[in-house]
Amino acid sequence: MHVRRTSANGMDRPCSEPHPVILGAVINNEHYPLKARRSGRCFGGHSNRDYDHPFRARRGGLDCPNAPHQRMGQFKQFLGERMSGSPSELIRGWLRRQLPEPAEQWLDAQLAKLAKDPSERNLQIALGMAPRRLGKDDLALSQGDLAAAEAARPGWDPRGWSVDEAARILTLVEAGGRGEGFAKRFTALCQTADAGEAIALYRGLPLYPDPELLEAQAAEGVRSNMRATFEAVAHRNPFPRERFDENRWNQMVVKALFIGSTMQPVQGLDGRANPALAKILCDYAHERWAAGRPIAPELWRCVGPFAQGAALADLKRAAEAGDEASRKAAALALAASPAPEAKAALAALGELASAIESGGLSWESLAQEMRQVS
Amino acid sequence: MYIDPHTHMISRTTDDYEAMAAAGIVAVIEPAFWIGQPRTSVGSYIDYLSAIVGFERFRAGQFGIRHYCTIGLNSKEANNEELAEGVMEILPRFALKDGVVAIGEIGYDEQTELEDKYYRLQLELAKELDLPVMIHTPHRDKKRGTTRSMDVCEEHGIDPTKVVIDHNNEETVKETLDRGFWAAFSIYPSTKMGNARMVEILHQYGAERIIVDSACDWGISEPLGVPKTASLAIERGVPEEHVRLACYQNALDAYGQSGQMHEDDWLNPPAIDQRTLYEGNSILRGGREPRIDKLTARRTMEKLEIE
Chain A
1 MHVRRTSANG MDRPCSEPHP VILGAVINNE HYPLKARRSG RCFGGHSNRD YDHPFRARRG
61 GLDCPNAPHQ RMGQFKQFLG ERMSGSPSEL IRGWLRRQLP EPAEQWLDAQ LAKLAKDPSE
121 RNLQIALGMA PRRLGKDDLA LSQGDLAAAE AARPGWDPRG WSVDEAARIL TLVEAGGRGE
181 GFAKRFTALC QTADAGEAIA LYRGLPLYPD PELLEAQAAE GVRSNMRATF EAVAHRNPFP
241 RERFDENRWN QMVVKALFIG STMQPVQGLD GRANPALAKI LCDYAHERWA AGRPIAPELW
301 RCVGPFAQGA ALADLKRAAE AGDEASRKAA ALALAASPAP EAKAALAALG ELASAIESGG
361 LSWESLAQEM RQVS
Chain B
375 MYIDPHTHMI SRTTDDYEAM AAAGIVAVIE PAFWIGQPRT SVGSYIDYLS AIVGFERFRA
435 GQFGIRHYCT IGLNSKEANN EELAEGVMEI LPRFALKDGV VAIGEIGYDE QTELEDKYYR
495 LQLELAKELD LPVMIHTPHR DKKRGTTRSM DVCEEHGIDP TKVVIDHNNE ETVKETLDRG
555 FWAAFSIYPS TKMGNARMVE ILHQYGAERI IVDSACDWGI SEPLGVPKTA SLAIERGVPE
615 EHVRLACYQN ALDAYGQSGQ MHEDDWLNPP AIDQRTLYEG NSILRGGREP RIDKLTARRT
675 MEKLEIE
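The listed protein sequences derive, respectively, from chains A and B. Residues in the first sequence are numbered from 1 upward in steps of one, following my numbering. Residues in the second sequence are numbered from 375 upward in steps of one, following my numbering.
Heads up, a few of these hints could be off.
What the hints assert, rightly or not - Computed far set for chain B versus chain A, every beta-carbon distance over 10 Å:
id, residue
1, K548
2, K602
3, L678
As the list claims (entries may be wrong) - Quick list of in silico lysine to aspartate or glutamate cross-link-like pairs, EDC-like style, CA-CA up to 20 Å:
id, chain 1, residue 1, chain 2, residue 2
4, B, K450, B, D389
5, A, K136, B, D552
6, B, K516, B, D552
7, B, K566, B, E596
8, B, K517, B, E498
9, A, K136, B, D647
10, A, K184, A, E220
11, A, K136, B, E463
12, A, K316, A, E341
13, B, K491, B, E545
14, A, K136, A, E180
15, A, K136, B, E574
16, B, K536, B, E498
17, A, K136, B, E484
18, B, K450, B, D472
19, A, K136, B, E596
20, A, K255, A, E287
21, A, K184, B, D421
22, B, K602, B, E574
23, A, K255, A, D210
24, B, K536, B, D515
In short, the hints are calculated from the structure, not lab data. Remember, predicted model here, so these are calculated numbers, not experimental data. A virtual CB, placed ideally from N, CA and C, is assigned to each residue, including glycine.
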């Protein structure tokens, strides 16, 4: 978290009016004063003692054109909970909150320039220079921010974004246009992207206009053998769940295992499980057994709901595996199986069965466990 | 820790990356060049530049090596005017990308008029974008070509401390150093510098503004050129500080002027990089032991089993 350096009068930009201690923030042109630790007035001239509720917007709060905002630890939480709006507005707010002055000004200047002249060249420059102007710190997001993101665009999960990524995505959303124009621009950018740009471009997929026109390029992203690029499309991203046809979806899930990535952060794993995928995964398990190579326990997650006959035998075999994680995964998969024999097989696993019953064992808890081990 | 500031990793195998990481190379710079036979369309040039800012950075990162590059129209392909015009148009787009530390490798190959034209245009571009310049000096008629390269830099008002003159040898080093440029040497068997000779140069001139690189490419070359030279130099009495300058710090200082290369990139990388692009130098972090024996065994018929 950054704390802005302020000058003696409590503001980080000179102002003609004398202002004593000012604690507050300006979000979307609304002033939110925070209860001051010592007496002070907001720049609209209202004493902080007037406030019975610290978060009520004040009249005339923006008299001073150089309205400052300062960040404080206890304020962040509040900001997250209070902010709402479109994805663009949210991202703008998060960046404004976190970026130092010169960085923020550069970004605003780029966006203003693009608003007037959204040329290819201007877009390339704005996107290309984001990391050097804004840095690469992780975007600081509270629970409230994540909730606001989900509310603004269901499935949008900005965890793990860096500030330059967020700025790049914001730039594209605001200046990339729409329809075929956007799709062409998006494709051209992906084709000449450096590693970091590619990740940002694909992570922004949930926020771009006319997503049906972007499917082909998203598929290219999944085709990449750069794990980070693959994961930018596949993980924490609603786009594949919403837009990929069954074959493309299946290829993506299998690839996650194939390139040593993980399945758990893929959105929609359970909803989009299908018999074809279950079969591919079982075949893949057989390949791995034949090769004497380990099987990722997650594999069984998409087999469970369709496990009958031969697949059931595979699950039983996995349940007899040497490692705890595989046994747990097999148990979870058996619990999801429609076959009557699955119940018996699951019961034979004793305490794992009851753990699933009680909710102590789930795919999420298993993924958590495995993350801690590795 | 070593830096190899001239490596055409696109032509090297993962064995090389493993060996380089094991030998202590933390960062490499890959200059944009030709790929062995001439390109005939700007599309393939674009895809190549994409590859060195994209996939190759990622590939290096998997071995714990940070990869940077230079962007430019090389002297050979400057002679294809149609191609050259197309490339000049797209250069600015790539030159501003993350990890691009210079315009290069530019200069003369046969010292033709077209080479001269595009060399000068790119010097101007470097000035406009405030980027350092990596200069490839010709292998034939080197002495005159090197002098001419520096003359033209001065004509265009380029600050010599922002220019690395590469592929120096005993005949060019004095003038390069006297005129205030960085002098890089490519330890490349048969055709360029050998490292016993390099050690002599370090003894004679010290290490100020001297940079060692391997220029390893698709030819018979030595990706361990820098660490081997460093070790040989120490063995032969070159002061450790001089070796550190020539095999690490000077490259960082020269190309770091771009603002795109910092020691923190490998010592203390941003969280996002660690999650996505760079698996960290496991040697630095005390991770797994370098698998040097396995590497050697693999490259011969000694180890038959492949798993």
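Each hint tested on the structure:
K548/B, annotated as away from the interface, keeps every beta carbon of chain A farther than 10 Å; the closest lies near 37 Å. Look at K602/B: its CB is around 30 Å from the nearest CB on chain A, clear of 10 Å, so calling it non-interface holds up. Here L678/B stays apart from chain A, with its beta-carbon at least about 17 Å from theirs, past the 10 Å limit. The hinted pair formed by K450/B and D389/B fails the criterion: a straight-line CA distance of about 29 Å is larger than 20 Å.
Among the hinted pairs, K136/A with D552/B is inconsistent with the structure: their alpha-carbon atoms are about 40 Å apart, more than 20 Å. For the suggested pair K516/B and D552/B, the alpha carbons sit about 17 Å apart, so the restraint of at most 20 Å is met. For the given pair, K566/B sits about 12 Å from E596/B by alpha-carbon distance, which is consistent with the 20 Å threshold. Note on K517/B and E498/B: the hinted pairing is violated, with a Cα-Cα distance of about 24 Å set against a maximum of 20 Å.
Under the criterion of a C-alpha separation no larger than 20 Å, the hint pairing K136/A with D647/B is consistent with the structure, at around 8 Å. Restraint check for K184/A and E220/A: the C-alpha separation of about 14 Å stays at or below 20 Å, so the hint holds. For the suggested pair K136/A and E463/B, the alpha carbons sit about 29 Å apart, so the restraint of at most 20 Å is broken. Of the pairs offered as hints, the one joining K316/A and E341/A holds, with about 11 Å between alpha carbons and a cut-off of 20 Å not exceeded.
Annotation: proposed proximity of K491/B to E545/B is violated, straight-line Cα distance about 26 Å (limit 20 Å). Proposed proximity of K136/A and E180/A is contradicted: the alpha carbons are some 31 Å apart, above 20 Å. Between the alpha carbons of K136/A and E574/B the distance comes to roughly 43 Å, so the proposed pair goes past 20 Å and is violated. Of the pairs offered as hints, the one joining K536/B and E498/B holds, with about 13 Å between alpha carbons and a cut-off of 20 Å not exceeded.
With a C-alpha separation of about 43 Å, the suggested pair K136/A and E484/B falls outside the 20 Å cut-off, and the hint is violated. A threshold of 20 Å between alpha carbons decides the hint, and for K450/B with D472/B the separation of about 26 Å lies outside it, so the pair is violated. Distance restraint check for K136/A and E596/B: the Cα-Cα separation of roughly 34 Å exceeds the 20 Å cut-off, and the hinted pair is therefore not satisfied. For the suggested pair K255/A and E287/A, the alpha carbons sit about 14 Å apart, so the restraint of at most 20 Å is met.
Restraint check for K184/A and D421/B: satisfied, since their Cα atoms lie roughly 17 Å apart, inside the 20 Å limit. Under the criterion of a C-alpha separation no larger than 20 Å, the hint pairing K602/B with E574/B is consistent with the structure, at around 15 Å. Taking the CA atoms of K255/A and D210/A, the gap is about 26 Å. The hint is violated against a cut of 20 Å. Taken as a hint, the K536/B and D515/B pair is broken in the structure, with Cα atoms around 24 Å apart against an allowance of 20 Å.
Of the numbered hints listed earlier, those contradicted by the structure are 4, 5, 8, 11, 13, 14, 15, 17, 18, 19, 23, 24.
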